[in-house]
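So the chains spell out like this:
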Amino acid sequence: MSLRIPISPPTAAPDQIQDAPSRHHMWQRLSPYIYIGPAVIYLVIFMIIPVVQGIRLSFTKTPLVRPDGGTGVGLDNYSRLLGSSQFYNSLGATILYTAATVAFAVLVGAGAALLLNQAFKGRTIVRAIITFPWAVPTVATALIFSWIFNRSDGVLNEVVGVFGVGQQGWLVDPKYGMAAVVLTSVWKVMPLVMLVVLASLQSIPSELYEASRMDGAGALETFKAVTWPHIAPTVRVVTLLMTIWSIRRFEIIYLLTGGGPVDSTNTLVVNVYRQAFSNQELGRAAAIGALGLVLSLLVTVVYFIIERRNAAKEA
Amino acid sequence: MSIDQAQKSVQQAPHKRRLKAPGQRQFSKPFRYIMLAALVLFSGFPLYWMLNTALSEDSELYGQAQGWWPHWERLIDFGDLIGSVPIFKWLTNSVVIAGGTTLLSLVFAVLAGYALSRFKFHGKGAAGFLLFATQMLPEALLVVPIYALFASLGLLNGMGGLILANVAFTMPVSVWIIKGAIDAIPYEIEEAASVDGCPRVTILSLVLTPLILPSVAAAAVINFFDGWNEFLLAKTFIAERDLWPASVGLASFIGQYLTSLNSVMAAALLFTLPALVFFLLVQRRIVSGLTAGSVKG
Chain A
250 MSLRIPISPP TAAPDQIQDA PSRHHMWQRL SPYIYIGPAV IYLVIFMIIP VVQGIRLSFT
310 KTPLVRPDGG TGVGLDNYSR LLGSSQFYNS LGATILYTAA TVAFAVLVGA GAALLLNQAF
370 KGRTIVRAII TFPWAVPTVA TALIFSWIFN RSDGVLNEVV GVFGVGQQGW LVDPKYGMAA
430 VVLTSVWKVM PLVMLVVLAS LQSIPSELYE ASRMDGAGAL ETFKAVTWPH IAPTVRVVTL
490 LMTIWSIRRF EIIYLLTGGG PVDSTNTLVV NVYRQAFSNQ ELGRAAAIGA LGLVLSLLVT
550 VVYFIIERRN AAKEA
Chain B
307 MSIDQAQKSV QQAPHKRRLK APGQRQFSKP FRYIMLAALV LFSGFPLYWM LNTALSEDSE
367 LYGQAQGWWP HWERLIDFGD LIGSVPIFKW LTNSVVIAGG TTLLSLVFAV LAGYALSRFK
427 FHGKGAAGFL LFATQMLPEA LLVVPIYALF ASLGLLNGMG GLILANVAFT MPVSVWIIKG
487 AIDAIPYEIE EAASVDGCPR VTILSLVLTP LILPSVAAAA VINFFDGWNE FLLAKTFIAE
547 RDLWPASVGL ASFIGQYLTS LNSVMAAALL FTLPALVFFL LVQRRIVSGL TAGSVKG
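Quick mapping for you: the protein sequence lines, in order, are chains A and B.
Under the numbering used here, the first residue of the first sequence is numbered 250, with each subsequent residue one higher.
Under the numbering used here, the first residue of the second sequence is numbered 307, with each subsequent residue one higher.
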């Protein structure tokens, strides 16, 4: 004659566990900090302090050989930079490099994604070949392209020679230096755009295409009504990432041209490095770096303003 | 709350397993094939040329036109192919640096990912912001102050110091990967364990970590890939040739043609192949990680 009442053990939500008064109360409140602490402290030491230190350095004259002992010079580094044509040349090179690399990488990458979104024989292999460059280490990339662009024995000169063009110094002629660097960069980063846009294309429900076909829409109309609205946010994000990464890209440029010929590819980050480790002027280098950071931040802010405006339009 | 998160991650799953290609036509056939051929040529040729250069005769490289086809027979004597390039020493250094970076980065990431996923605490938003914002900082800006810091600590010219610096750049991404993975595990599993009186650390290491092992592995591969490719910090911090990783070692041949280029290219191929393999392992995950934000919104 027993009433069996199912008794379930008292289950508590995570928050309640934490709030329960217990011997472990203090310990419970502290424990998240024990888990997140190491990472935060690490980033403060190796990222935040160096950034602050870098900004501090930018107000000093500090030689490379004595990196911790500089003399304060106030705004001197900045006023000198803003008054020198070399700085504006460097800023211009950064903007030109970034704009060209992003434009070509996004256009070619998105185009490749559209092509690869259609079924055809050998698609897997083609996609793999187009993707591989992204995985090739930057140093290997620079090595192979510097050989392809080589003035006397490079294969590019052999190819253009067929069309009657004489030998060109692709990496040593100021006319071509930037183009060569941009081409190499596009080769390397375009696959990422392709993969990301392709993933977005493949998440479009096929019913939308069917509906559009039933409405009798042509290929271009379908693209405008179905495809583009769906992939546009992805394309915007990938454009932002490409822009930020291009502003700060160092290795390809440094290894191919070292900022030359005649400073034509001397972007801000390459300039920072040369100021610091060739001219041994840490203070001036830090000032260029700080201005470069401002440029990155500006791009991010503009992106978020555009995103917000788009969100408002949709709502 | 945790079930919601689990469901959310299930709902996101279809993006990873892609739907069958809709096969809609946007381009005419010949145009499509010409464009595809051009793309394959653009992307594939430099890699092919690296192989072809590595497998070419010394006499071909300078002064006369390089042949269009690789001399496969040169593969037989591989030692001869590598020549005087000390690539194996440098590759060993790269393994040490990339391995150390991966290990240290994962320890921080598992702990921090757990905290961000499972706790509510003051400063959580700030910690998340710190992890996000530091990813935006350019290496080339930080290299000067980190160099100054390491010079005063005596950490220059050693692989240990290089690993410490690398981790600062690779760890934030790992934290996000691990946090996402833990978010997708139902909280009930840990609850059962904690009712049994298991301390949290044990739950994390013995219960949770095995469950998120695929994500930990992915984060490990990404970290290793980054450590393997890293050039700027290594070039700046390490002056001694014997301590160079392969990236710095190979870069030292760019623009100088004293060492036979075919040897250098063969060494570069050895350096590239592992990177290609890592990449194939994680390609999907990187892409889904990058798109998650934009696809959702």
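Bear in mind the hints are in silico, worked out from the structure with no lab data behind them.
Fair warning: there could be bad hints in the mix.
[Unchecked claim] Here are a few chain B residues that face chain A, going by a calculated C-beta distance under 7 Å: (1) Gly434; (2) Leu436; (3) Val450; (4) Ala454; (5) Ala574; (6) Thr578; (7) Leu579.
[Claimed, not checked] The following label-pair restraints were derived from C-beta to C-beta distances: (8) A:Leu469 / B:Asp364: 35 to 41 Å; (9) A:Val551 / B:Leu517: 40 to 46 Å; (10) B:Ala344 / A:Ala348: 19 to 25 Å; (11) B:Ser558 / A:Val409: 56 to 62 Å; (12) B:Ser458 / A:Pro454: 40 to 46 Å; (13) B:Leu586 / A:Ile283: 35 to 41 Å; (14) B:Asp364 / A:Gly413: 28 to 34 Å; (15) A:Ile290 / B:Leu564: 33 to 39 Å.
From the three backbone atoms N, C-alpha and C, an ideal C-beta is built for every residue, glycine too.
Those earlier numbered hints the structure runs against, lowest number first | Of the numbered hints given earlier, those the structure breaks are 1, 7, 8, 11, 12, 15, listed in rising order.
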